[in-house]
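Kindly produce the complete structure, drawing on both the sequences and the hints.
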Amino acid sequence: MADVNRGNRPLSPHLTIYRPQLNSITSIFVRITGNGLIVGAIAVVWWLMAAASGAAYFDMIDGLVTSVLGDIVMALSVLALWYHALGGVRHLIWDTGRALDVETSDKLGWGMIIGSVVLTALTLIAI
Amino acid sequence: MAYVTDRKRVEGLGSAKTGTEQHWTMTVTSVALLILTPFFLWIIGGLLGQPHEAVVASLSRPVPALIVGAFLVVGLHHMRLGMQVLIEDYTRGLSRKIGLIATTILCYALAAGGVVALAQIAL
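Going line by line, the protein sequences match chains R and A.
Each residue of the first sequence is one higher than the one before, starting from 1117 at the first, in this note's numbering.
Each residue of the second sequence is one higher than the one before, starting from 174 at the first, in this note's numbering.
These are computed hints drawn from the structure, not numbers from a lab.
In this text, a Cβ means the ideal position worked out from N, Cα and C, and glycines have one as well.
Mixed in with the good hints there might be a few duds.
Said to hold, decoys possible - Computed list of lysine to any residue pairs in SDA-like fashion (alpha-carbon distance at most 25 Å, straight line):
id: 1; chain 1: R; residue 1: Lys1223; chain 2: R; residue 2: Leu1195
id: 2; chain 1: R; residue 1: Lys1223; chain 2: A; residue 2: Val204
id: 3; chain 1: R; residue 1: Lys1223; chain 2: R; residue 2: Thr1212
id: 4; chain 1: R; residue 1: Lys1223; chain 2: R; residue 2: Leu1238
id: 5; chain 1: A; residue 1: Lys181; chain 2: R; residue 2: Leu1127
id: 6; chain 1: R; residue 1: Lys1223; chain 2: A; residue 2: Ile208
To be verified - Take a look, some chain A residues computed to stay more than 10 Å from chain R by CB distance:
id: 7; residue: Glu194
id: 8; residue: Arg234
id: 9; residue: Arg265
id: 10; residue: Ser268
Shown next, in the form of structure tokens:
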């Protein structure tokens, strides 16, 4: 009973008074990219189902997916996928109790940003 | 204030019910997806824009079909759990329930659609 503490606990980072820093921004983008990938998932499954349904319908959907707009959506999806994957790696490292200090977290954050751009470029060149 | 222990005071409060299982499932599926992602991008990226016969021929082979199927099933299960976290963080009440049901249906429908398409392509 002696350690009851109702008033002096750390507050949640309320967004209106919270100064953004690399850690919070890279974190929210892991969430945004992960959920945004539903668009890429819908496109790929649609494209697969079109391939299953026959050549005529496939040509139409494949044309949509490889149009300028389709290319933009796919390239952004690849970027989102690599960014989210690297963010996941950072979480896997954090979950072991390592790299939780601000300096190392910031390094990992820059690693996610630069790494995802590099991996996206490599992916788009390779395919 | 009532004379109760700290344990008694907090028991049954909060949301700590299946969070551990959710977190562990995300951990396991994320490692699986890290392995599958390069292969998935290689296969699908190489096939976008190819003629229909080439796409069907490639996805009829067991290993590409396995990788694409595994990526979609594991990935959309992972996505369902991720979207659940988003919805639980930002919504409440009826919209939370509707959101959870809708995203669950969408994710599993996409996974099923992908698997059925792969089966039809292979047969």
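So if I understand the rule, the pair passes when the alpha-carbon distance is 25 Å or less; does R:Lys1223 with R:Leu1238 pass?
With a Cα-Cα distance of about 22 Å, the restraint between R:Lys1223 and R:Leu1238 holds, given a limit of 25 Å.
Regarding the pair R:Lys1223 and A:Ile208, is the alpha-carbon distance no greater than 25 Å?
Cα-Cα ~24 Å, so holds.
Please confirm whether A:Glu194 is truly not at the interface, meaning its C-beta sits more than 10 Å away from all C-beta atoms of chain R.
15 Å, holds
With 10 Å as the threshold, tell me whether A:Arg265 passes as away from chain R on beta-carbon distances.
16 Å, holds
If you draw a straight line from the CA of R:Lys1223 to the CA of R:Thr1212, is it 25 Å or shorter?
Since the Cα atoms of R:Lys1223 and R:Thr1212 sit roughly 17 Å apart, the hinted pair holds (cutoff 25 Å).
Given hint R:Leu1127 paired with A:Lys181 - CA-CA distance at most 25 Å:
24 Å, holds
Does R:Lys1223 pair with R:Leu1195 here, judged by a C-alpha cut-off of 25 Å?
This hinted pair holds, its Cα atoms lying about 19 Å apart.
Does the claim that A:Ser268 lies outside the interface with chain R hold up, using a Cβ gap greater than 10 Å?
16 Å, holds
Measuring Cβ to Cβ, find out whether A:Arg234 lies farther than 10 Å from everything in chain R.
14 Å, holds
25 Å Cα cutoff - pair R:Lys1223, A:Val204:
22 Å, holds
Checked against the numbered hints above, the structure violates none of them.
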